[in-house]
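Engineer: Each chain, written out:
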Amino acid sequence: MGFDIDVFLQRGGGQIVARFSSGAALTALSGPSGSGKTSLLDMVAGLVRPDAGRIAVDGKVLFDSAAGVDLPPHKRHCGYVFQDYRLFPHRHVEANLLYGWQLAAPRDRWISLSEVCELLGIGHLLRRMPGALSGGEKQRVAIGRALLSGARFLLMDEPLSSLDALRRAEIMVLIERIRDDLGLPILYVSHDRNEVTRLAGQIVHLGAAHGVAFATDMSQGEQGKACA
Amino acid sequence: MTAALSTGPITAEEWGIVSLSLRVSAVSVLGAAPLGFGVAWLLARGRFAGLVVLDALVHLPLVLPPVVVGWLLLLGFGAQGPAGRLLADWGVTLMFRWTGAALASAVMAFPLMVRAMRLSIEAVDHKLEAAARTLGASRARVFATITLPLAMPGVLAGLVLGFARSLGEFGATITFVSNIPGETQTLPLAIYAALQTPDGEQAASRLALIAVGLSLAALVTSEALSRRMGANVHGL
Chain B
1 MGFDIDVFLQ RGGGQIVARF SSGAALTALS GPSGSGKTSL LDMVAGLVRP
51 DAGRIAVDGK VLFDSAAGVD LPPHKRHCGY VFQDYRLFPH RHVEANLLYG
101 WQLAAPRDRW ISLSEVCELL GIGHLLRRMP GALSGGEKQR VAIGRALLSG
151 ARFLLMDEPL SSLDALRRAE IMVLIERIRD DLGLPILYVS HDRNEVTRLA
201 GQIVHLGAAH GVAFATDMSQ GEQGKACA
Chain L
1 MTAALSTGPI TAEEWGIVSL SLRVSAVSVL GAAPLGFGVA WLLARGRFAG
51 LVVLDALVHL PLVLPPVVVG WLLLLGFGAQ GPAGRLLADW GVTLMFRWTG
101 AALASAVMAF PLMVRAMRLS IEAVDHKLEA AARTLGASRA RVFATITLPL
151 AMPGVLAGLV LGFARSLGEF GATITFVSNI PGETQTLPLA IYAALQTPDG
201 EQAASRLALI AVGLSLAALV TSEALSRRMG ANVHGL
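As given, the protein sequences belong to chains B and L, one line each in that order.
The letter at position 153 of the first sequence is residue 153 when you use this note's numbering, and the numbering goes up by one with no holes.
The letter at position 37 of the second sequence is residue 37 when you use this note's numbering, and the numbering goes up by one with no holes.
Just chain L, same shape as in the assembly (with noise of 0.2 Å):
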């Protein structure tokens, strides 16, 4: 760590860590939401009788120790799991890379985002959705125009709150890709490793400045979101 001035302006190296952490939570993030959305209306609306098992699988990472769900990632992803040598076949490799810390995060972020997005998709009147089939909307029409823009503040809320949860990650990561400056030290692990270092704590209450800017930053958005969806689905 170089030995930057508290009140200083951001250093490369610290803008290096920040825009590795965005990175990796907006790629985690946004490639979760897709499954994200569809197990969220699974939950929403599904009448199937796995549903409760489902419920249980989904919210597991949010429970588990953060080091268990690396090392489960480790068993599944590494160079000897089955998903890691399929990937391997396509010439994907997750372990030690940025990827591999985009795919832990986004385990650890998606019970938060299917959350939000399924109370948002609950909150949508069923009783809207049958006069819109009424007025000659196919299923699917109903969805794109009805259903989807209603939920839509709740699903952006999840995926705010995925991305926070997301730049926070921390035990999963290090866990499946450790701790490599460039490559997977995202912006808790480079306050873990600062603290590690002698002399370090001033770069660390730098980083950590940074840490909560951000968190603060996606929190409101996500609250402003949600308080707009309460307008717009209490409209009627």
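Extracted from the complex, chain B is given alone in its bound form (with noise of 0.2 Å):
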């Protein structure tokens, strides 16, 4: 269960070479930049196809080159949180927040709007455009939106990185209790030690050598397992 990850990309000098299998709620890649922890991602959520490899998560395969797997993104059920927040300029919160909720099959809505506003506080926001949001306040709404997507999994990109350290410390109380409470698995980037060691049951570091990154596994939770 988890993230079950061997993947290989070629990509400009160097690659990516990463290998490692995590059923901790939440799991850490570290590594200094430029070492392809968003790649990763990307990968993970489908918009870059590694050359070769496996990716499953619960279970669920979602790419596997020697048997031709490759789901496109919007069939993958990942929610993705990006550094930037990608929020929809032109609509709404609440529009922005509902976008994958009305895409996803009614089985797959395991949460409801009202429950999102409640969780991330941002019952207040729903009538504003996303321009007129503070930085702490996109990235409630682009965690809500993930959520509402009938997301199975979440990825998330350095969600703390542009923030004060006033709303860095809320939005990290809010990702405890959406890894305590949601029982999602969580992929989480961030280069940031005290971050990662209080958030997460497993760290996976993606070190950046001779132009090949390498994922090690370096297990704090049980229930991690290494295979690098």
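Hints were generated in silico from the structure; no laboratory data involved.
No experiment lies behind these values; they were computed from the predicted model shown.
Ideal Cβ placement from N, Cα and C applies to all residues, glycine included.
One or more hints might be untrue.
[To be verified] Some chain L residues close to chain B (C-beta under 7 Å, calculated; not the full set): (1) 127; (2) 130; (3) 133; (4) 136; (5) 138; (6) 149; (7) 150.
[What the hints assert, rightly or not] 27 Å max Cα-Cα, derived BS3-like pairs, lysine-lysine: (8) B/60 - L/127; (9) B/75 - B/60; (10) B/75 - L/127.
Join the two chains into one complex using the hints; note that each chain is given alone, in its own frame.
Structural biologist: Spelled out as structure tokens, the structure:
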């Protein structure tokens, strides 16, 4: 269960080689910038195609080059929280939140708009346009939008990096609540050691050596299983 | 030309010229819009070998002498032209008709339209489209709900710009469909005809004033739409 990843991608001058499996509630991906953390999330989301390998989440195969499986991004049920939020500027907050919800099959909707508003404290923002939100508010809306799309797992790309200390603390509490209450596996990119040790049940280090990024499993939780 | 007072109300004859001009421009722009958008999309997003050639072809009417465009249309769509003969089988004649004037205007306005549309498509952030994909939207739905709405102000600006360019079309039109009052005599052609007539200067100046007003209105509209596009794209 959890993330089962074994991928290879040749890009630019270097390669990304990542091989790990994790059953932790929250798996942190750490490593220096340029080591391919975001590319790895993009591969799990289906936005970047690995040259070879296999990606499975909770036993469901999303990509398998040997078996010829490559689900398109819109069929992966992934909740991707981007570093730059990526709210749709021409739709107000409620329409942003409901974008994925409206596309999801009714049986895939496991959370409602009012539940998301309560969880994230964004009920008062529904009529606003994204341009009128602060960074912390945008981040909450982006998380809510991902949850409402019927996501079965979450990908979070440095969700705290562009926030001030106070907002960081607030969002960190929210992420802990999502991790503990919702039962969605989370793959979480960060290079902040404190953040990672507080949130993650397992840490995967993506290190760049000789242009090759290897995922090394530095297991913390008892569920983690190293295979790199 | 009737002897009209320079301050008097617009005469029926002038209305006829203006309404023909508006009809020719509207038909040319609306007819060319779907193809224009398709080409703009290809130029903005396409990855194929002939892209440079397509780009050059699209921009050709911008740099060719309009009389050459008109002559090429005559060769292609005239009674002996391949396209002309094909259309004749369907009972359609473009030569010496207002529809031919619309075709000439469309060809001349095409580069401007495509340019504005292409810029607006290029300005749409790929990252937003990727986000929509992860939220469960197919490529077609991403286009309809993200790309097109975000590009729409630029697309509309392209239409208005094309419309303004069509209103001013002269060289290709007069070469292809001649200068026939009531059929192909649009505003610029009527001004030209008035200037060729003894004592026609007053009539020409009245028509010129109308042309200035229409063009200004089109440009102001186009500018307003472009501003809205900027606000939309940088709203994040």
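Engineer: State for each hint whether it applies.
Structural biologist: Hints, one by one, checked against the model:
1. 127: holds (5 Å)
2. 130: Holds - the Cβ of residue 130 of chain L comes within 7 Å of chain B, reaching about 5 Å at its closest.
3. 133: Holds. Min distance 4 Å.
4. 136: holds (4 Å)
5. 138: holds (5 Å)
6. 149: Hint on residue 149 of chain L: holds, closest Cβ of chain B at ~5 Å, below 7 Å.
7. 150: holds (6 Å)
8. B/60 - L/127: holds (26 Å)
9. B/75 - B/60: holds (12 Å)
10. B/75 - L/127: This hinted pair holds, its Cα atoms lying about 18 Å apart.
Hint compliance for this structure: every hint is met.
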